[in-house]
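One-letter residues, chain by chain:
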Amino acid sequence: MAEQLGRTDAQRRAAPRSGTRTSSAPRSAPLERLNPLTKAAGPLPATVLLVLVRDLATPAAFIALALLLLLLGARLDRRNLLFLALVPAIVLTTGTSLSLWADPARFEETAALLRVGGWTLHAGALETGFATGLRLGAITALALLSGLTTTGPDVARSMVQQLRLPYRIGYTALAAFRFLPRFGHELEVIRQAHRVRGAHAGRGPFAAAARWLGTIVPLLAGAIRHGERVAMAMDARAFGAHPTRTERHVLRWRAVDTAAVLLFWAVSAALLLTVPALAG
Amino acid sequence: MTAPAPLLRVRDMAIVHDEATQATPSAVSFEVRAGEVVLLLGPSGCGKSTLALALNGLVPRSVPAEVRGSIEVDGLRAGIDSVARLSTRVALVQQDPDAQIVTGSVLDEVAFGPENLLLPVEEVLRRSEDALRRVGLWARRDDDPAVLSGGGRQRLAIAAALAMGSPLLVLDEPTANLDPQGAEQVYAALAEVVAAGDRAIVLVEHDLDAAIGLADRAVVLDRLGEVVADGPVDLLRDRAEELLALGIWLPTATLAALRLRSSGVAFGRLPLVAAELREALAAHPVAVPRARSFPPGAVVPQGEAGGNDRAGGRTDGGTASARALVVARDLRISRRRTPVLHGVDLSIAAGSFTAIVGANGAGKTTLLQALCGVLRPPKGSVSIDGVDVGRADARLLGRRVGFVFQNPEHQFVTSTVLDEVAHELRRQGLEPDEVERRARATLRRFGLEHRAEAHPFLLSGGQKRRLSVAAALVAGAELLALDEPTFGQDRERAEELLALLSDLNAAGTTVLVVTHDLQLVAEHASDVIVLGEGRLLAHGPVGAVLADDALLERSGLRPPPLHAALRDVPGHPELAAVTRFAELPSSGGRAT
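Residue numbers (the working numbering), protein chains in the order written: chain A, 1 to 280; chain B, 1 to 592.
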């Protein structure tokens, strides 16, 4: 019983009933053991600065760094691997399509790589396109560091426990998250019902807008009623009774979290300062 | 034994809702002692759910209302002390399990309340384990509540209420949103709680067959919300006729006995449970006469519509002479690449009232939707009145079939009641004068003409339902299809809707309905389609199908309660095939 004290969702998923505590959960992946805030704060400066970067090598270096960390530090189940595959997919599709769409006239001074009829692919277009693709890929990869190793409840808990967010807000938001699948299903049923009744049939943006509006009213009516009932159920179970509430899942900010954030910042700075120079 | 002080004391309660003019409940006083199980009964609209919410102060503290009188629980005053404080005295289980679950795991859910009470972690876990073990969910503590069945989620809500540690548990229609299996699970869990004897329970419930065995006392409200009876549950038998006249639903055994008594079966006291009914019948030496000719829906005026006399010897698949309205040939449907229907062949007779039944996941809704073109069936596999549903356009289908969704609000597409009915007529391309004339005539027929300009969302629950049926039938559809129309409604609303359907059926509309309430099926349907794992297991007259115990068992269904009570009475083989009240001699009182 008491063994579950202080274990986070991610750890319980990784090692159910293993009888261990936070500090020594051996079977959970290393990144999962870090505080959720660590995984948000560490990559944050790099994520912001990447927007300003223009070369190819810097975002590529961050992609390599993030993927390496994820391969070593996250659980590599099928879902996570699919998300990792998303990164090169973003780089390739964005890079290719932007290269092809770019106005060739802008890059006339750069070398011509490919001619099809009157159209030319210049090296400059390719470089700009892939620089953007790599930036998007890098930002995605950095977001996955936290996204693949943290659960929603743990994010809410760390906001409440470390950032002192009032728990009434944190846990209400968490409860509201659970509405989403229900609303998705309800929206599907409403759309079906409206289709059957031939509501706002027809083509074009106006019919589509009318259809959308028509489904929003019953969805909202249902959502408000559902929200009220959930709020009553929470009240009836003493939600908000005291200024704080018992936390069974204690998320600690440990030395390793501070170290991880500082290390990530240092590595980010090093990459941002040296890579363009090396590649340039 | 000296009587301990009451745990709950309700005095002169009257509650006026924000938008209402009348108080319901209007005058309620009663007491509940520790460990007592009290049934709170009353006709729909008498305010029993409002009263349940007032017991922990949610009314008026979360739901605005004007409240007179007082409620005291264990030294706290509901409505004056905070809901959070009251929650340590009164725990609440509501109707919809989904509206009570706020976390991502079974254990977190039960721990949520004790955590709010700021109890130490060890105590939180001790209470959580104890509560989960009592409802049989301890083994599933790490699961996401979303993967539990409806019955499982409602048991979780009960565990969450138990974990609050409050001496009084209030349950408001806890099984109304559940199928029979789910309801059984919930009552098994409640029986455990009652057996432990450490909690007093106030139970608002329409399914008295399940509840009666647990209850010590009943408090009965009338339509105005005044207490008309308060005493041991025996009052349900001693004052049965009076309560029936008030619109209170009685246990199946009591209702059956009221009818049987008129044919000379002697009941020293009316029975409340099936065992008592069987005992009294076993002591009765002569065979019970059965009502000779009975229409499928006892509340329908008989013999008015031609071709509706389907009494007695009907043949398989409905009336032999009737024309087939809906025909399916080798109907196969897949959803998300999983086959749901594996080649269904059937033929539904025009003028029949056909119910589609089956266990969860049997494909009932898919079949209904495919037969009506809501889900496009493969070309050539379904026809309605000769029209191929797989090829027909929406306008043509609109004249053949009206489909009513479970929640009427989902299908409202205009902003006035009149437009809602006119919508389908306009789609059919009729002249404006004709549209107006027919729409108004339809509103009159469904008793909605006084609300013609109202917004559909502002109608009452019963009116919304009538409007959805009116809109489905306005273009002259001969077939009316409904998916679980009684889900989440109380018994009286369900009866009202079924009575409407029976009336429409008597006037010639073919009715096709998916439901899990087999007693309603028995009372109102003429034919039954039984589905199991996407295959047709049976299709025949309602009496034959519902009396086939082996078939029902194979399909994962429970027999309708009346049949379950009467099928094996010693010395009365003539009752073995009875499934509906109309087959028993008339009681001379209210038809049921």
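In short, the hints are calculated from the structure, not lab data. Quick reminder that beta carbons are idealized off the backbone N, C-alpha and C, glycines included. Wrong hints could be hidden among the right ones.
[To be verified] SDA-like, lysine to any residue: derived pairs with alpha carbons at most 20 Å apart:
1. B/Lys-464 to B/Ala-499
2. B/Lys-464 to A/Gly-222
3. B/Lys-464 to A/Val-116
4. B/Lys-464 to A/Ile-90
5. B/Lys-464 to A/Gly-214
6. B/Lys-379 to B/Ser-347
7. B/Lys-379 to B/Ala-454
8. B/Lys-464 to A/Arg-75
9. B/Lys-464 to B/Asp-503
10. B/Lys-464 to A/Leu-278
11. B/Lys-464 to B/Glu-409
12. B/Lys-379 to B/His-342
13. B/Lys-464 to A/Leu-50
14. B/Lys-464 to A/Gln-192
15. B/Lys-379 to B/Arg-332
16. B/Lys-464 to B/Gly-45
17. B/Lys-464 to B/Glu-492
18. B/Lys-464 to B/Arg-493
19. B/Lys-464 to B/Glu-495
20. B/Lys-464 to B/Asp-393
21. B/Lys-464 to B/Ala-454
22. B/Lys-464 to A/His-226
23. B/Lys-464 to A/Ile-224
24. B/Lys-379 to B/Ala-359
[Claimed, not checked] Short, incomplete list of chain B residues facing chain A, as computed with Cβ under 7 Å:
25. Thr-338
26. Phe-403
27. Glu-409
[Unchecked claim] Label pairs and their computed distance ranges (CB to CB):
28. A/Ala-64 to B/Ser-82: 34 to 42 Å
29. A/Leu-180 to B/Glu-431: 55 to 63 Å
30. B/Ala-550 to A/Arg-182: 37 to 45 Å
We went through each hint and held it up to the structure:
no.	hint	verdict
1	B/Lys-464 to B/Ala-499	16 Å, holds
2	B/Lys-464 to A/Gly-222	14 Å, holds
3	B/Lys-464 to A/Val-116	64 Å, violated
4	B/Lys-464 to A/Ile-90	49 Å, violated
5	B/Lys-464 to A/Gly-214	17 Å, holds
6	B/Lys-379 to B/Ser-347	17 Å, holds
7	B/Lys-379 to B/Ala-454	41 Å, violated
8	B/Lys-464 to A/Arg-75	51 Å, violated
9	B/Lys-464 to B/Asp-503	18 Å, holds
10	B/Lys-464 to A/Leu-278	72 Å, violated
11	B/Lys-464 to B/Glu-409	7 Å, holds
12	B/Lys-379 to B/His-342	16 Å, holds
13	B/Lys-464 to A/Leu-50	56 Å, violated
14	B/Lys-464 to A/Gln-192	19 Å, holds
15	B/Lys-379 to B/Arg-332	11 Å, holds
16	B/Lys-464 to B/Gly-45	16 Å, holds
17	B/Lys-464 to B/Glu-492	15 Å, holds
18	B/Lys-464 to B/Arg-493	12 Å, holds
19	B/Lys-464 to B/Glu-495	15 Å, holds
20	B/Lys-464 to B/Asp-393	27 Å, violated
21	B/Lys-464 to B/Ala-454	11 Å, holds
22	B/Lys-464 to A/His-226	19 Å, holds
23	B/Lys-464 to A/Ile-224	18 Å, holds
24	B/Lys-379 to B/Ala-359	28 Å, violated
25	Thr-338	17 Å, violated
26	Phe-403	6 Å, holds
27	Glu-409	5 Å, holds
28	A/Ala-64 to B/Ser-82: 34 to 42 Å	56 Å, violated
29	A/Leu-180 to B/Glu-431: 55 to 63 Å	46 Å, violated
30	B/Ala-550 to A/Arg-182: 37 to 45 Å	38 Å, holds
Consistency note: the structure conflicts with the earlier hints numbered 3, 4, 7, 8, 10, 13, 20, 24, 25, 28 and 29.
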